[in-house]
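J.: Sequence:
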Amino acid sequence: MIFRRVGDGRPYPDHGLTQSDWAAIAPTQVRLDDLTTTKTTLDLETLLDTDSTYFGDLFAHVVGWKGELFLEDGLHRALRAALQQRTMVHARVFTIGKQS
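When you line the sequence shown up against this note's numbering, it's residues 1 to 100, in that order.
Derived from the structure by calculation, the hints contain no laboratory data.
For glycine and all other residues, C-beta sits at the position ideal for the given N, C-alpha and C.
No false leads were mixed into what you were given.
Label pairs and their calculated CB-CB ranges:
| # | residue 1 | residue 2 | range |
| --- | --- | --- | --- |
| 1 | Q84 | G16 | 29 to 39 Å |
| 2 | R10 | L58 | 13 to 23 Å |
| 3 | H90 | M1 | 12 to 22 Å |
| 4 | L44 | G97 | 29 to 39 Å |
Construct the entire structure; sequences and hints are all you get.
T.: Structural data, given as structure tokens:
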């Protein structure tokens, strides 16, 4: 199993973070099997593109909500990590409210 589960959509409330807000969060390592995806599909061309993060953040964006970690942005990075036999991905983690 690569991810904790595959979700469809963001079950958490809008956090309102901008790219600058995300950039202010220090990255940390997150286990892939602790993540729930917020997308059910991916673009194979993006997955295989070596420059896919050129205009974006180098780190995945993860939202913690109600004790679960949701992969909001970075599905392609996480899947590339799994294909390289890695169990962790570097991500910026933002937690909404209290963890239960």
